[in-house]
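Spelled out, the chains give:
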Amino acid sequence: MSKLNIKNLIKSFPSMDRPAVNNVNLDIESGELVAFLGPSGCGKTTILKMITGLFQPDSGDIILDEQSLLNIPTEKRGVVMVFQNYLLFPYMNVNENVGFALKMKGVDKNIIDQKVKEMLELVKLPDIGLRKPKQLSGGQQQRVALARALISNPRILLLDEPLSNLDAHLRDEMRDLIVTIQQKLKVTTIFVTHDQEEAVLLADKIALIFDGELQNFTSPKKYYEKPKNIKAAKFFGGVNFINAKKYNDNLSTNIGTVHYKGENYTDLNEDNIITIRPENIKLSKNNDFNDNSFKGLIKSVIFSGTHTRYKIIVNDLELECSLQSVGLQDIKKDDTIYVHLPSDKIWAMNE
Amino acid sequence: MGGERLKIILSLTPPLLIIFTLFFGGIFYGFLQSLGYQPAIGKYEINFSAYYNVMFSERYAKLFWTGLGLNLWVSFASTFLAAVFALFGALAIRKTFFAKTICNFIYSLNLPMPHLVVAVGIIFVFSQSGLLARFASQIGLIGSPGDFPVLVKDKYGLGIILAYIWKEAAFFFIILMSVLQSLGENFEELAQSLGANRWQRFRYVILPLVMPNLFSASIIVFAFSFGAYEVPALLGVIYPQMLPVMAFEFFLNPDLNARSEGMALSIIIAIIVMILVVFYFWLTQAKIRKD
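Protein chains in written order, with the working numbering: chain A, 723 to 1073; chain B, 42 to 332.
FYI, nobody ran anything at the bench for these hints, they're computed from the structure. Do not take every clue at face value.
Derived lysine-lysine pairs resembling DSS-like cross-links, with alpha carbons at most 30 angstroms apart [what the hints assert, rightly or not]:
id, chain 1, residue 1, chain 2, residue 2
1, A, Lys967, A, Lys906
2, B, Lys196, A, Lys856
3, A, Lys968, A, Lys953
4, A, Lys1067, A, Lys950
5, A, Lys725, A, Lys827
6, A, Lys825, B, Lys136
7, A, Lys771, B, Lys136
8, A, Lys1017, A, Lys983
9, A, Lys798, A, Lys839
10, A, Lys837, A, Lys943
11, A, Lys968, A, Lys956
12, A, Lys771, A, Lys956
13, A, Lys1004, A, Lys906
14, B, Lys194, A, Lys798
15, A, Lys948, A, Lys856
16, A, Lys827, B, Lys141
17, A, Lys771, B, Lys196
18, A, Lys906, A, Lys983
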């Protein structure tokens, strides 16, 4: 169980015209499972490599349990990384691969054998110890790589795109296994991913990174309900954005005054942006709603099985709404409709 | 199916005919000569006396066995040292773009250089009248160039070893650089994060990863240096003499009867090299089966 603090971390590479990592601050609690989420090249793997010591930051600090890691060589940090392509040593069998870290520490062979057995049981592969990596499937290789990383009881476990090379079925299995093992061992774990769904399903908290800058670090739920900025909202599927101005404890927009209950009202700038998730918008042919109800015109209707998506024009503004297909009112293209934006589902942001 | 097979056989026939006629034909005729069959001088009997003479006769046995010992020593030492120098060189500079470019350039220049030129270069640099001896004498490290240690035309084959290291290290280096570049650094980084120190990363990660390629290259270099003539001829001494030089001297002998001994010696060299090649294939096949 280890607590990790990242302070003002900056890293540049000569080949890039902006810092690969720009002033990142993060506090990761003991035993947390954290996702670094962002598009390719956003700097998430660079941060991971700085935590392991494979890259040195230009400035800033990485503190593990109140101790700076910067002057500690990689091999002594107790931070173990599982690489995206597993990297099992091809000339070793599974037992030798898993026992590698203990062998490097000079641990007695009998103890290594015992621990290897325990680890292979933990990853549910007890009978493949004598096989070579070539004889394993992708999913098995991933599990062996995980067992190899966990055997030395790391202070921090880092997983670089742990599910990206697996097919959909194996991905679900591996996701469950990672969560189970992480909860069982309580090892502080950071994984890197560009897949928003993977981050939401696995992580306690998500650090969203764009262009080397940390956008937000919070729970997956908050990214959906209360995103920090428009970039974060868009990354998590946000499509509805309305320019607004503060007005008598509410928000004034070009579709009318919006009644707002968000707790961040005092922190909002005079000019701000309202967002609401498509699934939180309600539609009605009659004006059944008390407040935040606006008249609009259906521009398109797209049926996609369980849900139906509507595009509605309200005063030149396009909004998108997603409703469960079961029990829908008969709403067609070009119908006039009332759009309800529930005040407890609206969120306003400064940028 | 049958027509396809016939097409392949017909396409392969011309090159195979040339290979069999020129290569195996030559070897077969040489083998016959080694067995004493020399119609040109009226010898038609077939026997192994040339082999016996070379290996066990009072006249040649000592020359042969000391020559074989020297051959093995020179080939082994030069192959091993060239591989070691190339490996450490490649590891030292693989991450620095500038040094890598320079070294690649120098080694690429060295590669097409004939062995004969390298041997002459060794004489110019390392002999007692060479550049190093004169320089050491000039700066007062030794009294006169004659005090410089005998590194060329010495009985331990040091000059020959130096020439082969000079030449073959480039071959090893180019192979190793390409292997190391294709491997990348991920395995080492992974081992480092698993707690391996610098030595452990070399011993348990780099070495096993490059070993198959290093071993293949070593067999080629060993086989070449074992059978090569020109460098030992230029840089070797009269006794002990490496086997290829000895074989050639049998051919130069005005007594045509000595040709059988020369051929016997050449066949012995070829057999040793072939045993090495077979051993190499056996090892690699065993490894493939094991994998």
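Taking the hints in turn, this is what the structure says about them:
no.: 1; hint: Lys967/A with Lys906/A; verdict: 49 angstroms, violated
no.: 2; hint: Lys196/B with Lys856/A; verdict: 50 angstroms, violated
no.: 3; hint: Lys968/A with Lys953/A; verdict: 21 angstroms, holds
no.: 4; hint: Lys1067/A with Lys950/A; verdict: 15 angstroms, holds
no.: 5; hint: Lys725/A with Lys827/A; verdict: 24 angstroms, holds
no.: 6; hint: Lys825/A with Lys136/B; verdict: 28 angstroms, holds
no.: 7; hint: Lys771/A with Lys136/B; verdict: 17 angstroms, holds
no.: 8; hint: Lys1017/A with Lys983/A; verdict: 22 angstroms, holds
no.: 9; hint: Lys798/A with Lys839/A; verdict: 25 angstroms, holds
no.: 10; hint: Lys837/A with Lys943/A; verdict: 38 angstroms, violated
no.: 11; hint: Lys968/A with Lys956/A; verdict: 23 angstroms, holds
no.: 12; hint: Lys771/A with Lys956/A; verdict: 28 angstroms, holds
no.: 13; hint: Lys1004/A with Lys906/A; verdict: 42 angstroms, violated
no.: 14; hint: Lys194/B with Lys798/A; verdict: 52 angstroms, violated
no.: 15; hint: Lys948/A with Lys856/A; verdict: 46 angstroms, violated
no.: 16; hint: Lys827/A with Lys141/B; verdict: 33 angstroms, violated
no.: 17; hint: Lys771/A with Lys196/B; verdict: 55 angstroms, violated
no.: 18; hint: Lys906/A with Lys983/A; verdict: 40 angstroms, violated
Consistency with the previously given hints fails for numbers 1, 2, 10, 13, 14, 15, 16, 17, 18, ordered from lowest to highest.
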